[in-house]
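Enquirer: Below, each chain spelled out in residue letters.
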Amino acid sequence: MTEHRNSRETQRPQPGEEGRQWLDPPGFYGWLTTVDHKRIGRRYIVTAFLFFACAGLMALTMRLQLARPNGHLVGPDFYNQLFSTHGSIMMFLFAVPVMQAMGVYLVPLQVGARNIAFSRLNAFSYWMFAFGGIMILTVFALNTGPEAGWFSYVPLAGPQYSAGKRQDFWAQMITFTEAASLIVAIELIVTAFKLRAPGMTLNRVPLFVWAQVVTSFMVLFAMPSVMLASSFLMSDRLVSTQFFNPAEGGDALLWQHLFWFFGHPEVYIIFVPALGIISAIIGTFARRPPFGYLALVLSLVVTAFLAFGLWVHHMFATGLPPLGMSFFTAASILIAIPTGVQIFCWIATLATGGRLEIRTPLLFVIGFFFIFIIGGLTGVMLASASLDSQLHDNYFVVAHLHYVLIGGAVFPLFGGVYYWFPKMTGRMLSELAGKWNFWLFFIGFNMTFFPMHILGLDGMTRRIYTYDAASGWGNLNLLATVGAIIIGLSVVVFFANVLVSMRSGARAAPDPWGGKTLEWATQSPPEPCNFPRIPVVESRYPLAEPELAYVTGLPTQFRAMLVTRLHDAAPDHVTADPYPTIWPLLSALATTVFFIGTVFTPWGLVWGPVPVAIALTCWFWPKAKEVEIQRRVEIKPQAARPAPVLRAGATP
Amino acid sequence: MRTPSTLLLIFVSTVVTALAAAQTGGTRSGEQWPTPAGDAANTRFSSLTDINSSNVDKLQVRFTFSTGLTHGHEAAPIVSGNTMYIVTPFPNALLALPLEDSGAPLRFKYQSNPSSSSQGVACCDTINRGATYSNGRVFFNTLDGQTVAVDAATGAEIWRVHLADIKRGETMTMAPFVAKGKVLVGNSGGEFGVRGWLTALDEKSGQQVWRAYSTGSDRDVLIGADFKPFYAGDRGQDLGIRTWPPGAWQRGGGTVWGWISYDPDLNLIFYGTGNPGPWNPDQRPGDNKWTAGIFARDVDTGAAKWFYQMSPHDLYDYDGVNENVLMDIDIGGKPRKVLAHPDRNGYLYVIDRATGEVISANPFVHVNTIDKIDLPTGRPHYVPEKKPTVGHVVRDICPHAAGGKDWQPSAYSPMTHFLYIPHQNMCQDEEAVPANYIAGTPYVGANVKMHAGEGGNRGVFSAWDVANGKSVWEIAEKFPVWSGALVTAGNVAFYGTMDGWFKAVDARTGRLLWQFKTGSGIVGQPVSYRGPDGKQYVAILSGVGGWAGAVVSGDLDPQDASAGNGWGGAMADLPQYTQKGGAVYVFALP
Amino acid sequence: MSSRFLELAVVALIALTLLGCERESRRFSDSPATPRGVQTIRQSELQPGSSIPTSGPPSPYDDNAYAVSQGKQLFEWFNCKGCHADGGGSIGPALMDEKWIYGSAPANIYATIVEGRPNGMPSFRDKIPPQQVWQLVAYVRSLSGQLRKDVEPSRADHLFTRKSESSSPKSAPVSSSAPRDTQ
Amino acid sequence: MMGRLSNARFRWLAVGCALLAPPGCSSNHAAMNPAGPRARSIAELMLGFVSVSTVVYLIVSAVLVWAIARRRRAGTSDDWLQRGSSEQSNVRSRQVISWATALTVLILLTLALCDYFVMHGLSSRPTDSLRILVTGHQYWWEVEYDDPDPSRRVRTANELHIPVGKPVELVLTSQDVIHSMWMPNLSGKKDLIPGHQNTEVLLADRPGTFSGQCAEFCGLQHAKMRLMVYAEPPKQFAAWKQAQLQDARNPSNDIQRHGLEVFESSTCILCHTIQGTQAAATVAPDLTHLASRTTIAAGALPNTQSNLASWILAPHRFKPGVQMPATQLQPDDLAALAAYLASLK
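Protein chains in written order, with the working numbering: chain U, 1 to 652; chain S, 1 to 590; chain X, 1 to 183; chain E, 1 to 345.
The following block holds chain U by itself, in its conformation from the complex (with noise of 0.2 Å):
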């Protein structure tokens, strides 16, 4: 075993005189203290796929308890924790977190930057999302899980109606992740903003950069308006606050508004950065640059701001005026315009682009055009006030749910591991497994899924934990049990391809599949400073040029990285990323007792935030040896500032 060790690590180039300062302590402490974002941007996608298999456990176990009618695998009260921790870890554990993830990894190396910005700040948010998820499901072992659905509605949700401490850990959950979710936000905003490599004018900037920056945007916007209700909701069950109290002038609906004012928007934080990357393959896929950039960038912006303006379709059943309700459903309906103009770009530059060669991350983009279009336009149904009177809280609903989240985001996700999984490791995944994962999710998504259409026009509401023999539903929802089962069966090639071709695939070429960005310019996987030298953007797919041009004149004395002007990507000034430190994994830990003291009680909120401040004040806690190296490489600025020293352009 040990000649597999180190042929791993032969296989990590040794870092040239400017990567030295780039290299982690050894081992395990290492792995602690890190602020590569390589090295966290893999291990958020680890563990967004475990809370992804959990949650699909839990998911297989409701198909087993529905398969028949009166079934008795559970009762109600499991059946709940079940289904509700199912909705929450899928939407708040894993769909956003994993495509932020991606954007961690990917997005410095498209935009030619060597660590993304605040690097110790992405340390924190890992650490943050892993301990809310681990939360959730330590309590939700100890027979604490929440119990209200994953939008968890008061008054049910309330204090009066939910005893005990379960609803309390979700709303806290939802601090953990939706914080953890903001700071990955900030920081791929920044990087895509100051960090580009110069050159790289907004308009030479990758489409799955542009997906990720725009989803940061929405994050910005969204999170806020449901931490603030998971808040109010807390302070009403424990400091009886009277948000929700409908007697003392408090409001049910108050909740749906700011919950789903967050919600709609969520789903397209989950769909828009598959965009990103589905924009990725069947550009490098199609031989050929995506049809219509300008129309693919623009149509992620509008997405994005329609996404803000039609979250009161979720709530076309409490009453609310028709006239109201009217505005809604035509902007729900106007969100698929742009959506369909990416899809017809990309319909066009397969038509159009080179020969097709049908590798697994191109079939899991074609598979998501079939499951996609499908939930989009029962999307279109649920959109229009009058049909989602009927189909508003069915299994229509969940089969809409289920086509457009999985297909839209599981489906590119799958391709885009497929596709950036030799950069990630330096191994092929196998192409066969790839095969049978692909169809094996395919068929099994469409056995569990359509019939749920069916079952909804039928009457079987959501979340009920069995049904009797006469609703004559039983056929239907034995079908999808079957489904579910080949589902977990393809998830199960998924990570055995996965865990097998990480020790033993095929080596991988630094640019295996001939993609045309950033990326596949450096190691497969890449030195710790990414770019040795900070390559020159000439054009919108760099590695199309003949060759590259590079930066020189950065310091080696420190953590050097180039910061460059927002709009034209010139050089502006060079700055220093921090070192490797173990402080935002102890500001998380601190932040984490904070976070679960005041589920206990209110002195939490006086008490738990001073070892937090504590811990962040060492954490910003300038260290000597950075001061000294900073001083010695600033420039002061004089009375005519000297021409700059670095020269953009200069070949080696």
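Certain hints may be false.
[As the list claims (entries may be wrong)] Across the chosen pairs, the derived CB separations fall in these ranges: (1) X:S3 / U:K625: 18 to 26 Å; (2) U:T575 / X:K149: 27 to 35 Å; (3) U:R43 / E:V55: 54 to 62 Å; (4) S:Q60 / X:S55: 25 to 33 Å; (5) U:P321 / X:A9: 39 to 47 Å; (6) E:D128 / X:K149: 43 to 51 Å; (7) S:S102 / X:S55: 54 to 62 Å.
[To be verified] To give an idea of the interface, some chain E residues facing chain S are shown, with a C-beta separation under 7 Å as derived from the structure: (8) V96; (9) S98; (10) A100; (11) R153; (12) P194; (13) G195; (14) Q275; (15) T282.
These are calculated hints, taken from the structure and not from any lab test. Quick caveat: nothing in here was measured; it's all calculated off a predicted structure. From the three backbone atoms N, C-alpha and C, an ideal C-beta is built for every residue, glycine too.
Based on these hints, arrange chains S, X and E on the given structure of chain U.
Expert: For chains S, X and E alone, kept in the frame of chain U given last:
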């Protein structure tokens, strides 16, 4: 050893007094105070003039007598045959204090021994509003629903009738009213869904002569051919059933626990019916006849002559049981036989007592629940925003559930023509909740939190010009004025405060003339009589309690603002001003 | 990390697990201690001759938040609130203060509910099944803060009349000698 | 299955239904099996949407398959950039896409307009309609028929009788958590929210039994909170209403008398009402005419005497988490109680 002469003397004096009492038939020449209200017209006016506004400041305590009990002492110490009779709160003992002996040592103490469980169905403290003397007998009610007749001289029980069933939440707290040989008594329990009634018992034997229910069929309500209500809304067949949801009239309240007055010329008795049950109005759509209104009935047969409903489909527990003070006054130049009725809904009604026509209705306290009484139809106009709704708290409902004035009786002086009204100035936040009826348990259906009204003073003692329908002067009091009022021909008005002050004010100007700090808060009814030595005495029962004083008498925890059905929060400071414990105080000039 | 610290952490975790599980368990088909078990409790502190410590059956729902919240709903449905308000008392005595007239032990409260008391407390024998009586017992004890803070209910969706049971301080029960006036 | 298909529109509906997949319409609890104008207008709109969507889906899939197939056979040259920059193919692609986008916008706008008109139709308030107050509780429906004469208000639970052809306005609210009333055959769903009062209109144009279901997750027994709707000819409806107004029948034999005794002396009297007896509690369903209902426990069990007995003894066996407690009745008392309740027609 009694010499024959003294025996003879005693014999003659009892005959004379009996004759005197019999002749007055309840009305007296200001010598004795045989009934809580003093007279059949409920004026609570004493014609004695020894004590007047100039010398009242020299009043002194002549004797006191402790009852040894700690609940609300709301009774009136009645005086007849030179003996003072006091009914104590639960366990409702009847104390007889001979006034001729110095210090008035107890002549007898009649133990009525009511069931102790009745304390569990007494909504607003285990009080009793006093006994009534008539023809050598003293009549009073016990908390567990019995009416007792006791020989005034010896204290021997003559008859005892069990009328109310505590297992259905029914109790009896009112002072009986005797008219034309009939003892009229009614039940309490509006907060327990008890169906109200007024019963006439024969004075001699205790046999029931007639009983008039407040809800149900016309036969039960003794509505017959000669029932001529002034307003069209009260005419109809079996309104006592048709203005209720199916079966709701059987637990609809309308209990009779207040004051009865009697006009011998018209041979009519006037009394009010209690609030409809439950407090939550959505559970009993319809006018809920015959609750929260005034009945005029023929005293012999009980047949209803007219009825006026102050609060149809009552929204706020505004019982209609307050006193109807009969008076003959000039209104618009013409002399009218009227009754003045300061109602729980904050309006003072002047009603023609022969026909039931509402002559005038003006608010005597800040009211925001009813903005006007439409005189042509007699119906109040409820302010929609203040209607209690299930699932929403309606704030600042003024007056609160205990009304502008609760049971505490006002007094009328024919000399100043003012009505002296002891009342409260309180508002409340209320949330209606659906009430679940379980016989014998409270059937309220509202969460209530009370607080002081405008100006912050929770009580007022005001003088009201009945003819012109406006307030003359008002005295703001820190606590609700929960005691009755007394006015004398000497132009002095007496009332007590819940922190223990027994006050005398000038009947004309309201200036405070004299006050005395008693041992506990005063919720009793002041009386005045001529003692055996010919001097004028004034007596008052002190001993805090009642619905407003339950915080002290029931040791409630004011941290719960809804304790005592809403009073907890509003009376949290009362325990610092008074403790519990009852005693009678008798005053006279030196 | 010393192994001892590790053991301590594991023990703490298991304790936390048990507490967590117990607070959250929903026991629908429960049949707690039958009334017979309740007769073993005494109401008076005095015992002639020797004083044998007696403890009737413990309240089965003292650690179960679901049962206490069911108890709070039954406290309103069965009109206990009509006499005891939200714990401040009205016709009946206050239940949120430290004074207990007929015993503060769970079995005492069970007996008070089932047998009734002479000064007005009705007897609910055969009218409320044992499981619900024990739920009421647990809620009545939470009114004066006898239960754990994470088990006691928070505010209700009604008029806000007092600090919620979970945020009001725990008072040490005192046997109060103030029965109602007798003679 | 579809009842009488009188007019052409109805026949078109049946064809559409068949297209959608047979099980979708067969069960009577289906949104695509309307029994009233409101559900029918939605069902027709649904068919419109489904057919348009199916056509769009087929076109886009076809184009995609054509695009993929065409490029798989193309030459092997691996040159990347030139392929994309040929002006001629770009111009054609741009035209095709703009036409496709325009067509998409057009389709979507027409669908939105269709929905607006249907929505407009649904939100019209009928003038003289029978008003029924429906209050949602955790896991049952409280029903009260409004009436200008308060003494003619009928109270029942879990079952709605409505006259055929006459609009019925349901006034919906809740006293605990949010529920949602949904009778797919008659109308869309409408939430019952504490602190709010919603209204929904029902109009059945043919007699029949239509089942309804709580559609907003409301706790442990959300699954078994059903509501049965009986659309009857006006005459039959008036007779039913008159019968419901009467007090409960007196027990006719000793067993039933013993049953009433058991009812009034055990836990039932603290929660239930039987008009004409001492029981008048309202936190649980009104049982005055229990035997006139076809199901018990909000549709969880058919209403038979044996089901009644086993339900009373241990409700949690059928609906774990229900508010009704298990009782400790002796077998003979239980049998008498069940017999008495079964006699309450």
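Enquirer: Per the CB criterion, is R153 (chain E) less than 7 Å away from chain S?
Expert: holds (5 Å)
Enquirer: Hold the hint about S98 (chain E) up to the distance rule: shortest CB distance to chain S must be less than 7 Å.
Expert: violated (55 Å)
Enquirer: Quick check on a hinted range of 54 to 62 Å for R43 (chain U) and V55 (chain E), using CB atoms only.
Expert: Violated, since R43 (chain U) and V55 (chain E) (Cβ atoms, about 47 Å apart) do not stay within the stated range.
Enquirer: Take the C-beta atom of P321 (chain U) and the C-beta atom of A9 (chain X), compute their distance, and say whether it sits inside 39 to 47 Å.
Expert: With a Cβ separation near 57 Å, P321 (chain U) and A9 (chain X) fall outside 39 to 47 Å, so the hint is violated.
Enquirer: Taking the least C-beta to C-beta distance, is T282 (chain E) closer than 7 Å to chain S?
Expert: Nearest chain S Cβ about 6 Å off; hint holds.
Enquirer: Quick check on Q275 (chain E) please, does its C-beta sit within 7 Å of some C-beta on chain S?
Expert: holds (5 Å)
Enquirer: For the restraint on V96 (chain E), tell me whether the closest CB of chain S is nearer than 7 Å.
Expert: Hint violated; V96 (chain E) Cβ to chain S Cβ min 58 Å, cut 7 Å.
Enquirer: Is 27 to 35 Å a correct range for the gap between the Cβ atoms of T575 (chain U) and K149 (chain X)?
Expert: violated (49 Å)
Enquirer: Regarding the hint that A100 (chain E) lies at the interface with chain S, is the smallest CB-CB distance below 7 Å?
Expert: The hint is violated - A100 (chain E) has no Cβ within 7 Å of chain S, the shortest such distance being about 52 Å.
Enquirer: Mind checking the hinted window 25 to 33 Å against the Cβ distance between Q60 (chain S) and S55 (chain X)?
Expert: violated (60 Å)
Enquirer: Does 18 to 26 Å hold as the CB distance between S3 (chain X) and K625 (chain U), or does it fail?
Expert: The hinted range 18 to 26 Å is violated for S3 (chain X) and K625 (chain U), with Cβ atoms some 36 Å apart.
Enquirer: Just to be sure I understand the hint, the distance between the Cβ atoms of D128 (chain E) and K149 (chain X) should be within 43 to 51 Å; is that true here?
Expert: Given a distance of about 56 Å, which is not inside 43 to 51 Å, the answer is violated.
Checked against the numbered hints above, the structure violates hints 1, 2, 3, 4, 5, 6, 8, 9 and 10; every other hint is satisfied.
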